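Make the complex out of the two chains shown on their own, each in a separate frame, by following the hints.
Listed in order, the protein sequences are those of chains H and D. Heads up: the first sequence is residues 1 to 504, going by our numbering. Heads up: the second sequence is residues 1 to 151, going by our numbering.
Keep in mind that the hints are not guaranteed to be accurate.
Claimed, not checked - For lysine-lysine, the following BS3-like pairs were computed, each having C-alpha atoms within a straight-line distance of at most 30 angstroms: (1) H:K446 to H:K383; (2) D:K86 to D:K68; (3) D:K68 to H:K282; (4) H:K334 to H:K410; (5) H:K503 to H:K450; (6) H:K334 to D:K68; (7) D:K71 to D:K86; (8) H:K383 to H:K410; (9) H:K450 to H:K333; (10) H:K334 to H:K450; (11) H:K282 to D:K71; (12) H:K333 to D:K68.
None of these hints come from the bench; they were simulated from the model. Nothing here was measured: the structure is a model prediction, and the numbers come from that model.
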Amino acid sequence: MSSAEPSPGVPVEPGGVSPGATPINVRALRPYGLALLAVATAVGIALAAELAGFEKLELPLLLMAIGAAVWYGGPQSGIAAIVGATLSIAYFFARPKYSLHIDRPDLGYFAIFILFALFIGSFAARRRRVEDDLRRARAELEARHVSLLDITHDTIVLRDVDGSISYWNRGAEELYGWTSKEAVNLVTHRLLQTVFPVPLEIINEELLRTSRWEGELTHTRRDGTQIVVSSRWSLQRDAAGQPLMVMETNNDITERKRGEDDIRRLNAQLEQRGRELEASNKDLEAFAYSVSHDLRAPLRHVAGYSELLQKTAFSVLDERGRRYVASLHEAAKKMGTLIDDLLAFSRIGRAETRTTLVSLGDVVREVLRETERETEGRDIQWKIGTLPSVHGDRSMLKLALSNLVANALKFTRPRPRAEIEIGSSDDANGDVVVFVRDNGVGFDMKYVNKLFGVFQRLHSVESFEGTGIGLATVQRVVARHGGRVWAESVVDGGATFYFSAPKP
Amino acid sequence: MNGLGRILLVEDDPNDVDLTLTALEEYNLANEVVTVRDGAEALDYLYMRGAYGSRPRENPAVLLLDLKLPKVDGLEVLQQIRSDEKLKFIPVVVLTSSREERDMVASYALGVNAYVVKPVDFHEFVNAIRELGVFWAVINEPPPGSVGRRR
Numbered sequence: 001m002s003s004a005e006p007s008p009g010v011p012v013e014p015g016g017v018s019p020g021a022t023p024i025n026v027r028a029l030r031p032y033g034l035a036l037l038a039v040a041t042a043v044g045i046a047l048a049a050e051l052a053g054f055e056k057l058e059l060p061l062l063l064m065a066i067g068a069a070v071w072y073g074g075p076q077s078g079i080a081a082i083v084g085a086t087l088s089i090a091y092f093f094a095r096p097k098y099s100l101h102i103d104r105p106d107l108g109y110f111a112i113f114i115l116f117a118l119f120i121g122s123f124a125a126r127r128r129r130v131e132d133d134l135r136r137a138r139a140e141l142e143a144r145h146v147s148l149l150d151i152t153h154d155t156i157v158l159r160d161v162d163g164s165i166s167y168w169n170r171g172a173e174e175l176y177g178w179t180s181k182e183a184v185n186l187v188t189h190r191l192l193q194t195v196f197p198v199p200l201e202i203i204n205e206e207l208l209r210t211s212r213w214e215g216e217l218t219h220t221r222r223d224g225t226q227i228v229v230s231s232r233w234s235l236q237r238d239a240a241g242q243p244l245m246v247m248e249t250n251n252d253i254t255e256r257k258r259g260e261d262d263i264r265r266l267n268a269q270l271e272q273r274g275r276e277l278e279a280s281n282k283d284l285e286a287f288a289y290s291v292s293h294d295l296r297a298p299l300r301h302v303a304g305y306s307e308l309l310q311k312t313a314f315s316v317l318d319e320r321g322r323r324y325v326a327s328l329h330e331a332a333k334k335m336g337t338l339i340d341d342l343l344a345f346s347r348i349g350r351a352e353t354r355t356t357l358v359s360l361g362d363v364v365r366e367v368l369r370e371t372e373r374e375t376e377g378r379d380i381q382w383k384i385g386t387l388p389s390v391h392g393d394r395s396m397l398k399l400a401l402s403n404l405v406a407n408a409l410k411f412t413r414p415r416p417r418a419e420i421e422i423g424s425s426d427d428a429n430g431d432v433v434v435f436v437r438d439n440g441v442g443f444d445m446k447y448v449n450k451l452f453g454v455f456q457r458l459h460s461v462e463s464f465e466g467t468g469i470g471l472a473t474v475q476r477v478v479a480r481h482g483g484r485v486w487a488e489s490v491v492d493g494g495a496t497f498y499f500s501a502p503k504p
Numbered sequence: 001m002n003g004l005g006r007i008l009l010v011e012d013d014p015n016d017v018d019l020t021l022t023a024l025e026e027y028n029l030a031n032e033v034v035t036v037r038d039g040a041e042a043l044d045y046l047y048m049r050g051a052y053g054s055r056p057r058e059n060p061a062v063l064l065l066d067l068k069l070p071k072v073d074g075l076e077v078l079q080q081i082r083s084d085e086k087l088k089f090i091p092v093v094v095l096t097s098s099r100e101e102r103d104m105v106a107s108y109a110l111g112v113n114a115y116v117v118k119p120v121d122f123h124e125f126v127n128a129i130r131e132l133g134v135f136w137a138v139i140n141e142p143p144p145g146s147v148g149r150r151r
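Next comes chain D alone, as it looks inside the complex (with noise of 0.2 angstroms):
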């Protein structure tokens, strides 16, 4: 669990984290996954308390959150980070079922980097989660602070 992660994986339902895996996989990402199973850990995590007290300083590179989580749901998560000086220039792309505008307008006001609706269809959904995780682990430049490319 205190693994260098440079994507912090959100998501309290165990098919939708081994799913999202196994989507990575295929570009040797899931390695770089930290997974935390709701907000309240999601928040440990990137404060570094309780049990991620001892993990690297550095920041995910991108943090993929789902909306409905227990605890803390994710709209609370995002609100946290943006209002912290430490936290608030980590990418964060919502990673959700709901396709309501009210989650999507919400996200958007609090300064979500992407928001994407998961597809019922397993071939779009791997291909979502693909290009997110390359995108934004990989292709993307992070933040200074955060998890750097592993050469």
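Excised from the complex, chain H in its bound form (with noise of 0.2 angstroms):
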């Protein structure tokens, strides 16, 4: 702060002229020029007034004249004013007149006069420096003050109740385009247009009861532009109690506001896709529900009317009709396996998942114990090895391991000896990577971007089963927890099945 320069507004210290405007003998001899011209002036009232016919005025001039030499010169300008003053009596009103010879008896008088004349005259030197540094104290502190009030970008603005502006900080220049000088004694509300949440005459009220208001104002820039602002009113009162003055700070929340808007927009729209999506989903699920109500039931009559064909026809049929009737039969059985296995699909996408801790190793131990009977009379050499938790949903999760380990059985079924390995490792993204590697009949890796869709198989039925939607399924458990599933096999070299997940 001490390095700050003066502002303009700070006054001129008395007696003193602006540094390096002036020449410096003119500045060294302003003193006892003014003196000069005080005891002159008083000489000449008291000479006028004694020709005029009144006496013994000169003491008292002359006095005032040093008096007033001291207060406007200093002390130099003092005793300037007290030697003039000493020798002007002594000239032109002690006897004799018109010389500078004192008389005996009068040496008494002269030097009570000056002794008179230097009291005053410290008296004011006095008096005068004390001001000064009054002076110099408030011009400084007001210095200090004003250019707190501008180096802080907020708007800061100081009026009247009514809103006669009396200050107008930097902040308010450059947020509303108006200068101090063109702000100060106009209205704040007419000159900012400003467009009130609730009428004026409530937020005053509020503002004599409470001393203090806050809230959001719309006020129209210079350049016609309008901004929000977040204002605070804060009441300054004086001694009595009355109604001083506001001072009134407004942010700039313009921005903020807007980007509130946005967010507000995209939370609406976000709402809306949200609504859609649940609409989809329904829609969805009606198409599921009906699926597995009405197109099951044809599937039945058909298989149904097929076998009690087979029964009550067995007689008349021959062996072609017999095998057509099978057929039939087969087909219909395939269908319901096919659309309970599509229902199941679709119920990933669509069922809510139940989110825990859930131990991976565990899970396989399960799907295993469940696969005993139908791998029973095989050789099947397991591996596995140790296996992470992750969070997720612990039926989807064993369904898509459990059809992992299904096709790791299925396609290893040619081979005399089965190897399957179930293990897991860290991948660069730090995800948990699960593997089921088999040996079994492998596939083209031309064909790996097939692999799961769903209905996509890479066999022909009478070798390997299959409705096409078992890697579907994995597919989706796995995307819906994040993850993904790749595969790599080498034709007739096996196949090794992954998929990540976030780590817990």
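The following block contains the structure:
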């Protein structure tokens, strides 16, 4: 603060002239000139009064002149005035007149005059100094105050209760575009075309009652653009409690408001999307529901009647006829399985997940137990590594793993000794990767992109049964858990299926 | 239609009616079956309204109820039965094509006695129907006020 330049509003020190503008000798002579002027004026008036018949005025007039010289010209000027006044009395007023000779009896008078003059002069000088100090301190304080208000970017306006502006800081100049000079004495809400959230009278009532008010206002800047400000008003009162002025600080929150509006709009959009999604989910559910009800019924009938036909018309049908009926029956049964698988698959997308910490090791052990019956009599070498725990829906994760294990079992069937390995590792992204590796018939990597599609099969039904939904199910489950699924294989050289999941 | 029925079959699909009756025939239970084709007719039967105004007063020993029915669906029929003092003890078996979990949950919430998904395979279907018929219409002791067993 000490290095702050004095602002233009600081009064110039009395008796001084702005430095550098005036030659040094003139400045030095100024006190003496002032003393001379004061004394000469006093003497002139006293002489004129004497001519007019008024006696003995020289003493008070000259004392006044000394006082004035000290006040305006400082101690030097005062000394000069005392000297001048003493000489003037000796020359113009003490007998013998018009001579500097002083009679012996008058010496005491002169001595007392000079003492008295010195006395007055010193008082005046001291008073002057105190006043100067005060003024300087005040000026400094004001400078400091004003520049403080000016360095903030907040808009600070001082005004009276009716809105008439008395102070307009730099922040206000920058924000609104009017300079302090232009704004002072104008009325805030007229200048800024303020839009109040509630009528101004109500705001003023609150301001007078609680001495403060806060709210959002819309202002129009000089360039015509509108801004939203967060406005705080605080009322200053005088000693008698009467409203003195209002300090209004305004913060531009237009951007923030716009951001808030954006967020609101985006939220609304999101909600809309959510509703649409919900609607389409409902559609899907209705679809699945009617598939489940209505598509299975005719299938049952085909299966039922073909069975009945086989039974009742067995004797009339020839070998070919019986085969046809049997095929009919098989086809219906297969379609039943397909529909069930498809419904299970669609349920993955619709069902709500119940997320817990799932130990994949436990899940795999459970899956293996359930396959025991199916694998009876087969030579299978299991190699189960340590498996991590992940956050997810246990039943879905189990569905995925059991599909992968079932695949491994299915495609190793031609091997005299099946080798199936289940293990895990960490990938570069810090995700958990689980793999199921087999020494089965494998597949051609050419078709790897078809592997996870619904109803996609890379083997004939004769060699390996299946509906082509298993791996699609795996992919769906893994995707719902935020992971991905992929596979590597060599024809006749086994296959490895991987899926990743975020670490818990 | 006004026959004394131990089994009330509520089923809109004629093929399903046919196949169900065929399955029950094997145990000579087909004659015990009264078939209605939608939920409204089922309620008419139970409340002895309309065409069923003159039926014997006894309740059926079991109700085989399809869920997807015209006019009044199966769940509504079930709800109506369970909230009626005179009907609420009737054993009700839901017999449906749907494996939808919400149907199952809703049925049990309304107090169904059994929930059976009709198997696609006819053998399984016949077995299921037969067992149901035998259990509920022959083995199970129906609540008082039901059609008694014919000796």
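* What hints, given by number in increasing order, does this structure fail? -> No hint contradicted; all consistent.
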